[in-house]
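Chains A and B, in that order, are what the protein sequence lines are. Sequential numbering of the first sequence, starting at 1, is according to the working numbering. Sequential numbering of the second sequence, starting at 1, is according to the working numbering.
Hints may be right or wrong, so weigh each one.
[To be verified] So the derived label-pair ranges between C-beta atoms look like this: (1) 98(A) with 58(B): 42 to 52 Å; (2) 39(A) with 85(B): 48 to 58 Å; (3) 108(A) with 28(B): 39 to 49 Å; (4) 65(A) with 58(B): 22 to 32 Å; (5) 105(A) with 61(B): 21 to 31 Å; (6) 61(B) with 22(A): 40 to 50 Å; (7) 108(A) with 43(B): 35 to 45 Å; (8) 65(A) with 57(B): 17 to 27 Å; (9) 43(B) with 86(A): 38 to 48 Å; (10) 41(B) with 85(A): 39 to 49 Å.
[What the hints assert, rightly or not] Rough simulated footprint, nothing fancy, chain B against chain A, three-plus residues with beta-carbon under 8 Å: (11) 21-35; (12) 58-64; (13) 73-81.
[Stated by the list, open to error] Listed next, the in silico DSSO-like pairs over lysine-lysine satisfying Cα-Cα at most 27 Å (straight line): (14) 53(A) with 81(B); (15) 16(A) with 53(A); (16) 46(A) with 81(B); (17) 81(B) with 90(A); (18) 16(A) with 81(B); (19) 24(B) with 63(B); (20) 92(B) with 16(A); (21) 24(B) with 81(B); (22) 63(B) with 92(B); (23) 63(B) with 53(A); (24) 92(B) with 90(A); (25) 16(A) with 90(A); (26) 92(B) with 81(B); (27) 92(B) with 53(A); (28) 81(B) with 63(B); (29) 90(A) with 63(B); (30) 24(B) with 46(A); (31) 46(A) with 16(A); (32) 92(B) with 24(B); (33) 63(B) with 16(A).
Simulated from the structure, these hints should not be mistaken for laboratory data. Just so we're clear, the structure is a prediction, and the values are computed from it rather than from any experiment. Ideal Cβ placement from N, Cα and C applies to all residues, glycine included.
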Amino acid sequence: MSSPILTRLALTGPVKAGGSIEARWSAAHPMNSGFRVDDSGHRIPKNIIHTVKAYLNDRLIMEADLGTAMTSPVYLAFPVLVPAEGGIVKVIWQDDSGQMGETQQRLVI
Amino acid sequence: MRRSSLAWALGTCLLAPHTLVLSKPLNELSSDGIELVFPRLADTGNAVPFEAQITAPSGLHLKALKVILPENPNPVALHLKIMGQPAQYTLKTRLRLAASQSVWLVAVFNDGSERAHHAPTVITSTACLDDS
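Assemble the whole structure, with the sequences as input and the hints as a guide.
As C-alpha cells, then:
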C-alpha cells in the first residue's frame with residue numbers, strides 16, 4: 001500500500017541575497033478524495049496529503065492545510081526570500097494514511 | 001451496489017452544506033491588492049490552474065491565505081499559514097472543481113483584517129465522479 005511517492009522540489013528565479021525566488025513543489029500522490037468509486041462500485045477511501053510544511057534553514061516559513069480540492073499530482077508554488085548566507089529549502093508532507101515524505105534543495109548564491 | 005454508491009457520490013457532490021467560519025460575508029471584504037489568474041472556461045474540473053498575487057496594505061504583512069471553492073463538497077481547498085512577514089506573495093496551485101463556480105481567495109493580515117477576491121469559471125465536466 002505504501003509505495004514510494006515521487007516528489008519534486010524546484011527553485012526557480014535569480015538567487016540573490018534579499019531577493020525572492022519561487023519554490024515549486026509537486027508530489028505524485030493519488031489524492032483520493034473519498035468521493036469516487038472503483039470499477040466494482042466500492043468507495044475509494046479518502047487519502048490525501050493533508051499537511052505540507054516548508055522550511056528554510058530549519059525555520060518554518062509556510063504551513064499548508066490541504067483539502068480534497070487539491071489535484072493529483074498535487075502542486076504548490078510559493079515564494080522564498082533568499083537569505084544572505086544561502087541555505088536549504090526543505091518541504092515535508094504527510095497524508096491520511098500516515099505516510100510522510102521530505103524533499104530538499106540547496107540555495108547557492 | 002454500484003448504483004447506490006454512485007447515487008451516494010452524486011449526493012455528496014450536490015448536497016454538501018456550504019458551511020464556513022468567516023468573520024464577514026466574503027463579498028463585503030475589499031479586494032484591493034489581490035490579483036487572481038484563473039481560466040474563465042475549463043474543459044474538466046480535474047485540474048484547473050490557479051494563481052494569486054497578493055499585495056498587503058502598507059504597514060501590514062500577510063499571515064494566512066485561504067482558497068475556497070463554495071460549490072465543492074469540502075469548500076476549503078487550501079489554508080496557507082505564512083510565517084515570514086511578506087508584504088507580497090504569489091501562490092500557484094491546481095484545483096479540482098465539482099462544478100462551475102467562483103473560486104475565492106481570502107487574505108488575512110497581521111492586524112486580523114481580511115481581504116477577499118473571487119474569479120468565476122465554467123467547467124464542462126465534474127471532478128467528483130470521473131476517475132481520471
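task: Assess, step by step, whether the Cα of residue 24(B) is no farther than 27 Å from the Cα of residue 46(A), and give holds or violated.
output: Given that 27 Å is the threshold and the Cα spacing comes to 31 Å, the pair is violated.
- prompt: Is 17 to 27 Å a correct range for the gap between the Cβ atoms of residue 65(A) and residue 57(B)?
  reply: Holds - the Cβ-Cβ distance for residue 65(A) and residue 57(B), about 25 Å, lies within 17 to 27 Å.
query: Going straight from one Cα to the other, do residue 92(B) and residue 90(A) come out at no more than 27 Å?
result: holds, 18 Å
query: Would you say the C-beta atoms of residue 105(A) and residue 61(B) sit inside 21 to 31 Å of each other?
result: holds, 25 Å
task: Measure nothing beyond the straight line between the CA atoms of residue 24(B) and residue 63(B); if it is 27 Å or shorter, mark the hint as holding.
output: holds, 18 Å
query: Is residue 92(B) close enough to residue 16(A), meaning Cα to Cα at most 27 Å?
result: Given that 27 Å is the threshold and the Cα spacing comes to 22 Å, the pair holds.
message: What's the verdict on residue 63(B) and residue 92(B), does the C-alpha distance respect the 27 Å limit or exceed it?
response: Judged against 27 Å, a Cα distance of about 17 Å means the pair holds.
field: Given hint residue 81(B) paired with residue 46(A) - CA-CA distance at most 27 Å
entry: holds, 24 Å
- request: Apply the coverage criterion to the stretch 21-35 of chain A and chain B: a residue qualifies when its Cβ sits closer than 8 Å to a Cβ of the chain, and three qualifying residues are needed.
  value: holds (count 4)
- prompt: Given a hinted range of 48 to 58 Å, is it respected by the beta-carbon distance of residue 39(A) and residue 85(B)?
  reply: Hint holds: Cβ distance 50 Å, inside 48 to 58 Å.
message: Can you confirm whether the C-alpha distance between residue 92(B) and residue 53(A) stays at or below 27 Å?
response: holds, 16 Å
- prompt: Holds or violated: residue 81(B) with residue 90(A), Cα cutoff 27 Å?
  reply: Holds. Residue 81(B) to residue 90(A) sits at ~16 Å (cutoff 27 Å).
In summary, the numbered hints that this structure violates are 6, 30 and 31.
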